[in-house]
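K.L.:
Following the hints, complete the assembly by docking chain E onto the known chain D.
Residue strings, one per chain:
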Amino acid sequence: MSEGKMANESSSENRLKSVWQNQKSEGIPMSVDELRLKAGKLQRKIHGRNAREYVAALVVVVFFGYQLSLATDALTRAGFILMIAAVLYLVWHLHRKGSSQRLPEQMGLVSGLEYFRRELERQRDLVRSVWRWYLGPLVPGLILLQVASVHAHPGHLGRIALPLAITNCLAAAVFFLVWKLNQRAAGKLQRQIDELDALQKQQ
Amino acid sequence: MKESKAIPSDAPIQNDLYQQAVEAYGTPLERLVRGYEADAEARRDLLQEIHIALWRSFAGFNGRCSLRTWVYRVAHNVAISHVNRQRRAKSMVLVGLEELENLPDQNATDPDADRQHTLQRLLELIQRLKPLERQVILLYLEGLDAASIGDITGISPGNVATKIHWIKRILRRSFYERGQDGE
Numbered sequence: 518m519s520e521g522k523m524a525n526e527s528s529s530e531n532r533l534k535s536v537w538q539n540q541k542s543e544g545i546p547m548s549v550d551e552l553r554l555k556a557g558k559l560q561r562k563i564h565g566r567n568a569r570e571y572v573a574a575l576v577v578v579v580f581f582g583y584q585l586s587l588a589t590d591a592l593t594r595a596g597f598i599l600m601i602a603a604v605l606y607l608v609w610h611l612h613r614k615g616s617s618q619r620l621p622e623q624m625g626l627v628s629g630l631e632y633f634r635r636e637l638e639r640q641r642d643l644v645r646s647v648w649r650w651y652l653g654p655l656v657p658g659l660i661l662l663q664v665a666s667v668h669a670h671p672g673h674l675g676r677i678a679l680p681l682a683i684t685n686c687l688a689a690a691v692f693f694l695v696w697k698l699n700q701r702a703a704g705k706l707q708r709q710i711d712e713l714d715a716l717q718k719q720q
Numbered sequence: 018m019k020e021s022k023a024i025p026s027d028a029p030i031q032n033d034l035y036q037q038a039v040e041a042y043g044t045p046l047e048r049l050v051r052g053y054e055a056d057a058e059a060r061r062d063l064l065q066e067i068h069i070a071l072w073r074s075f076a077g078f079n080g081r082c083s084l085r086t087w088v089y090r091v092a093h094n095v096a097i098s099h100v101n102r103q104r105r106a107k108s109m110v111l112v113g114l115e116e117l118e119n120l121p122d123q124n125a126t127d128p129d130a131d132r133q134h135t136l137q138r139l140l141e142l143i144q145r146l147k148p149l150e151r152q153v154i155l156l157y158l159e160g161l162d163a164a165s166i167g168d169i170t171g172i173s174p175g176n177v178a179t180k181i182h183w184i185k186r187i188l189r190r191s192f193y194e195r196g197q198d199g200e
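Chains as they are written, first to last, in my numbering: chain D, 518 to 720; chain E, 18 to 200.
Warning: the hint list may mix true and false statements.
[Claimed, not checked] If you only want the chain D side, here are some residues facing chain E, beta carbon under 7 angstroms, derived:
| no. | residue |
| --- | --- |
| 1 | Ser542 |
| 2 | Glu543 |
| 3 | His564 |
| 4 | Phe580 |
| 5 | Tyr583 |
[As the list claims (entries may be wrong)] Heads up, simulated DSSO-like pairs for lysine-lysine below, C-alpha to C-alpha not over 30 angstroms straight-line:
| no. | chain 1 | residue 1 | chain 2 | residue 2 |
| --- | --- | --- | --- | --- |
| 6 | D | Lys614 | D | Lys534 |
| 7 | D | Lys555 | E | Lys185 |
| 8 | D | Lys614 | E | Lys185 |
Treat the hints as calculated values from the structure; they're not laboratory data. Where is the CB? At the ideal position from N, CA and C, for every residue including glycine.
Isolated chain D, as found in the complex:
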């Protein structure tokens, strides 16, 4: 490359940097006192966002709770109690593992690469273990409700066999689909982790 062309390119890059660095500032004031105020507001906003995410779970719990109040036999009651427990466990697990656990005090200690890798690992582990914390805990309650249904119709097994079989097939298909989609997502995340590992190995 000729010296003239190199100088021209360097000048072009500097002009682009100049455009970037001379952007108009939006001038958001950030004194420490204002910051404390905003920290409180932000926290409330995060709580609000989390609350919205938990509303769906609450609706499910209320539905199962209502069914529980209507149930007359012990097996059905136990089934709904297990379903409620499973939904509560799911929400607790998501709350615990679903967001970054890193404290702001530690954020300056880790590089972007390390931080990004840990975030990807956390997400991968969450989706990879979907059977353990999401699908699996629902199974005992579902099985118990099926058993309760058979138990509640003694002598009519032939009549309820087909609806039960269809319901089970549909549930199994949904479970399989959810598991498969999450495994695919875990695979994508793993590939991103592998890319970062390759970058680290080149160092």
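P.N.:
Chain E only, in chain D's frame:
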């Protein structure tokens, strides 16, 4: 991000460090946030989130790295979490530098002709990049050298240099090549 314990209001060193950081890097942080979020309201929220994390982070500042490295690490790490959240919510597809170089591009723009348009196009390019490569291009545009970018991102200076080479190619293609002789 997990909520940290309340920091006593009389933490003068922490407050001083934060004030120093804002004076020196307040404006660069605004620019950084533009690289991570296109929506104005979400951008203000992200900037606030970064400032809050930064202020809290100084409770753990150990002086092992420069103030600049610390500020950029905290800011980019908060922004990475933001991008991850957005990506999940909006199913965004982000690309690497090599992929971006191969994507069909609009006509090149002359940065001197229309600075606002240039800035807009630059932001569009940046916001399509994967988080780590976005960090490199943002720090490059701020004028940091490869070693400093390496300190912040954790990528070796050699790899940073390779990424900067790609960045320059993309920028040349997007902003300068039209109307010039081929390379």
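K.L.:
Can you name, in rising order, the numbers of the hints this structure does not satisfy?
P.N.:
3, 4, 5, 6, 7 and 8
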